[in-house]
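J.: One-letter residues, chain by chain:
2 protein chains.
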Amino acid sequence: MTTAGLLRDLRSIVGPRGLVDDPTWLVPYESDGLAMQRGRPLCAVLPRDTAQAAAVMARLARAGVPVVSRGAGTGLSGGATPVEGGALVGTARMRDVLSVDPVDRLARVQAGVVNVELTAACAAHGLFYAPDPSSQQACTIGGNVAENSGGPHCFKYGATTRHVEGLVIVTADGEVLDLTGAPVDPDGLDLVGLFVGSEGLLGLATEVVVRLTPLPEAVETLLAVFPDLDGACDSVSEIIAQRLEPSALEILDRLTIEAVEDSVFAAGYPREAEAVLLIEADGGDAEVAEVVARIRAIVERQGALEVRSARGADERKLLWAGRKGAFGAMGRVAPDLYVADVVVPRTKLREIVARTTEICREQRLKLANVFHAGDGNLHPNICYDRRDEDEVARVLAAGHAIMQMCVAAGGSLTGEHGVGLEKLPEMELAFAPADLRAMCDARDAWDPHRRLNPGKLLPVRACRERRAAGAPPASSAGAPFGSGEHGSSAGEPPR
Amino acid sequence: MTTAGLLRDLRSIVGPRGLVDDPTWLVPYESDGLAMQRGRPLCAVLPRDTAQAAAVMARLARAGVPVVSRGAGTGLSGGATPVEGGALVGTARMRDVLSVDPVDRLARVQAGVVNVELTAACAAHGLFYAPDPSSQQACTIGGNVAENSGGPHCFKYGATTRHVEGLVIVTADGEVLDLTGAPVDPDGLDLVGLFVGSEGLLGLATEVVVRLTPLPEAVETLLAVFPDLDGACDSVSEIIAQRLEPSALEILDRLTIEAVEDSVFAAGYPREAEAVLLIEADGGDAEVAEVVARIRAIVERQGALEVRSARGADERKLLWAGRKGAFGAMGRVAPDLYVADVVVPRTKLREIVARTTEICREQRLKLANVFHAGDGNLHPNICYDRRDEDEVARVLAAGHAIMQMCVAAGGSLTGEHGVGLEKLPEMELAFAPADLRAMCDARDAWDPHRRLNPGKLLPVRACRERRAAGAPPASSAGAPFGSGEHGSSAGEPPR
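Here the protein sequences line up with chains A and B, keeping their order. If you use our numbering, the first sequence corresponds to residues 1 to 495, in order. If you use our numbering, the second sequence corresponds to residues 1 to 495, in order.
Everything labelled a hint here was simulated from the structure, so no lab data went into it. A portion of the hints provided could be inaccurate.
Derived DEER-like restraints, expressed as beta-carbon distance ranges [claimed, not checked]:
1. B:P214 to A:R40: 42 to 52 angstroms
2. B:G126 to A:D314: 35 to 45 angstroms
3. B:A397 to A:A51: 33 to 43 angstroms
4. B:G410 to A:L215: 17 to 27 angstroms
5. A:D314 to B:A138: 46 to 56 angstroms
6. A:E389 to B:G126: 45 to 55 angstroms
7. B:A138 to A:P214: 33 to 43 angstroms
8. B:D314 to A:P214: 28 to 38 angstroms
9. B:A397 to A:A218: 43 to 53 angstroms
10. B:T347 to A:L215: 17 to 27 angstroms
11. B:R243 to A:A313: 11 to 21 angstroms
Partial list, computed: chain B residues near chain A (C-beta under 7 angstroms) [as the list claims (entries may be wrong)]:
12. E175
13. L177
14. S198
15. E287
16. E290
17. A434
18. A438
All residues carry an ideal CB built from backbone N, CA and C; glycine is no exception.
Between the sequences and the hints, there should be enough to build the whole structure, so can you do that?
T.: Okay, structure coming up:
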């Protein structure tokens, strides 16, 4: 069977508008938000529903080509980048909110529904979908599931995995698993729990049942302005030590503030500040008033120059606009932005920030900082130009140095962006060989040919050693990608 | 190698007090709280730490015998019952709280730590461990992990899986996996998420890193007394519809009230009531006052005859004593109690309760009801005497009829007690063959010989079909238990 035959079959499943194979139109599919690494897929297939997705996956299984799934492509770790070629299966045409159940507070959506659209669809019931990545205007629920995405309000509400109650999954060979039965934590082995955050290695989620959260009665947002970063960090520590539970605690440093204020996202952050701490509290009226009063006292004691308060939706939106637009605003500083995503014990926040600054200075790189401070989740943002090879090399070196430092400090590699391509080398630092082998085994149980999103999440060496150690996957042990009828070898899509 | 040789080796690992093989002393290990099904283990092994547990598991792997792990044996679905014989590995001597980190709000404990001991260990830091099974005075954190246990306050705080951040696991062949690195949701494939609720099929958890929750500033408990069950059910629906978020919503029916009031757990519940609704709210002072006032108005409108309020710890303890002691109190009604554990959509609460009553009437069984009403999690309690074979058969028939009705109504088989032995036949109703096969594959990736807790959670037929379909586990496909050097066949421990 030829490539043309495969494309013809795929087109007959999804219709002419569901298949992209023109090289010009494939350019956007070459990478996600980690712009420095790219790969060209053979085609992009855009099924409309589970049945089409299952037929597509079954056909691709027969062809033996790699499959990379993709939501909106807003990921920051290279998870949707087809580094080994093959077919890209996108969820862009699976955008229906299938049902909203206000009594049991569940919604069932197709994987391609955009994060904010889901919240819009349940607002009339006084409910919302809590995880709110900065890219929530564009990113999809399916992509959030693949990466176990977070967001500022995950400090209070938890990341995606805490909000997913069921999944419909199409497996590597095109079988449909309906794991949506239970209204609470699922019966049986928690395959849903395993799938969330599996970065496309276990299958394609086509439908997602999510838990909805009651809209709080009251929300109040504060912006505290500091003459130094330490005051902002120490405020966060004290807020947590006092067992206050705001819904978000975000720090932006001076370079970020400058970029935001120079951009369309200008939020009126004071340019003379070295740091701003954005605080939000939600809940009942009385509860919010109490939490806000206590937090205000803390930030003032920690040296805040000014504390602004927004209670109305419009004022609140303005204070948040700068935070949510921060990554976009950095585009004024340099054409590309590398957004690191490490988590450190909250006790080490100040020390790690100082060391990150040093690492970037050594590599002659411009660093801005945005943190989900409440979670200890740091996003050091490094500005660069991907056309400058030497600079790209220095960015990668700094990124790896930052990750290694955080692992050594007892932190973890990723808060919310996933491992993808970016953090692959550090997986061997964060996990012992036995731990990585257990992950490889879990993957092999779902995808024995390792065709799904190859080259991501699990270091090749750990898995290769597993095979050598005599635990081949269920069939065709060790078969290279492309061993099926199609015969294409990974990374070299036939033309 | 003989049985005597195996026992000698095990004794040399755990010491003489760590091995139980006297048939008299093995009686308590024959079942958990599902008293009607029993099995005799070859021995019970009680390691002190991860290293001993790993040596024990490696030795048992060489012997090729089944392994059942056990916490306190308070489970209600037969998860710790050694129905196929083999060795029982208990965590009773692994009771150290290893560390409490008040800043990152994490604790690291050995698996055998009792649920309330963990909360006691972190109370000085103003923190607690939120999941609170009714058996929390006895049940262990490791057992809670195996069953993904819940409890009354899981309505607000979520079940065990939402509180486990890391695990140290000993695998079927005695390898140690340390999945405790990350201070937040773990990097890599979420093996921790998969393991929680896996009922002993994937390995033995020896250490658990749990997330701690700040103790609320204020707690208030209400007891609303109703002349009928419907008023209590409707109150719960209205509280949820109004988006109020109490921390617990529990209903007890008349027979339960009578049993409690006749027992040492007497809580002063009024005997003339047909139902009581126990409500707790926690949070900031102002928040609690607001929530309680609004709930009080709802229950009064729904026909409550009386609403009692407890604010002090002692009064609160009294109101809760009846609820937490309800299962024990039923011992006055009959020698044995079957506690079902189904979850139904909250919209169908009244209908399902009525149908449950009918099913028990048809089978001439005495039924009492306790519900985690906020979650739609019902515990129909059926009183029986296990010495009466005919009655046991009718209890089983009623239990299966209740489960089947709940699955048909869009509910699930288990809220918090696990599948175990009890719900095995219904797994094939709740899941399609493909879903069950995916679970079998996930299990086979961890335990290819299927020696861990055989006969639980996954219906044998689904797994057998998987094998026939040509996807053998990694090695020794289809080998019966006891294929190792030891040569004993499951269920017939050699003497």
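J.: It remains to establish, for every hint, whether it holds in the given structure.
T.: Hint by hint, here is what the structure shows:
Under the hint 42 to 52 angstroms, the C-beta atoms of P214 of chain B and R40 of chain A, about 51 angstroms apart, fit the expected range. For G126 of chain B and D314 of chain A, the hinted distance range of 35 to 45 angstroms is satisfied, since their beta carbons lie about 37 angstroms from each other. For the pair A397 of chain B and A51 of chain A, the supplied restraint of 33 to 43 angstroms holds, since their beta-carbon distance comes to about 39 angstroms. Between G410 of chain B and L215 of chain A the beta carbon distance is about 25 angstroms. The supplied range of 17 to 27 angstroms therefore holds.
Checking the proposed 46 to 56 angstroms range against D314 of chain A and A138 of chain B shows it holds: the Cβ atoms sit about 54 angstroms from each other. Checked against the hint of 45 to 55 angstroms, the C-beta distance between E389 of chain A and G126 of chain B comes to roughly 53 angstroms, which is consistent with it. At roughly 35 angstroms, the beta-carbon separation of A138 of chain B and P214 of chain A lies within the given 33 to 43 angstroms, and the hint holds. Range check, D314 of chain B to P214 of chain A: Cβ separation about 32 angstroms, and the 28 to 38 angstroms hint holds.
Look at A397 of chain B against A218 of chain A: about 52 angstroms separates their beta carbons, and that is inside 43 to 53 angstroms. The hint said 17 to 27 angstroms for the Cβ distance between T347 of chain B and L215 of chain A, and at roughly 21 angstroms that hint holds. As the Cβ distance of R243 of chain B to A313 of chain A is approximately 18 angstroms, the hint placing it in 11 to 21 angstroms holds. Below 7 angstroms, beta-carbon pairs count as interface contacts, and E175 of chain B has one with chain A at about 5 angstroms; its hint therefore holds.
Contact between L177 of chain B and chain A, as hinted, is supported at the beta carbon level, the nearest pair being about 5 angstroms apart and thus within 7 angstroms. Because the closest C-beta pair between S198 of chain B and chain A is about 6 angstroms apart, less than 7 angstroms, the hint holds. Contact between E287 of chain B and chain A, as hinted, is supported at the beta carbon level, the nearest pair being about 3 angstroms apart and thus within 7 angstroms. Look at E290 of chain B: its Cβ gets to within about 5 angstroms of chain A, closer than 7 angstroms, so that hint holds up.
With a least beta-carbon distance of about 5 angstroms to chain A, the hint placing A434 of chain B at the interface is held under the 7 angstroms criterion. With a cut of 7 angstroms, the hint placing A438 of chain B at the interface with chain A holds, because the nearest CB-to-CB distance is about 5 angstroms.
Of the numbered hints listed earlier, not one is contradicted by the structure.
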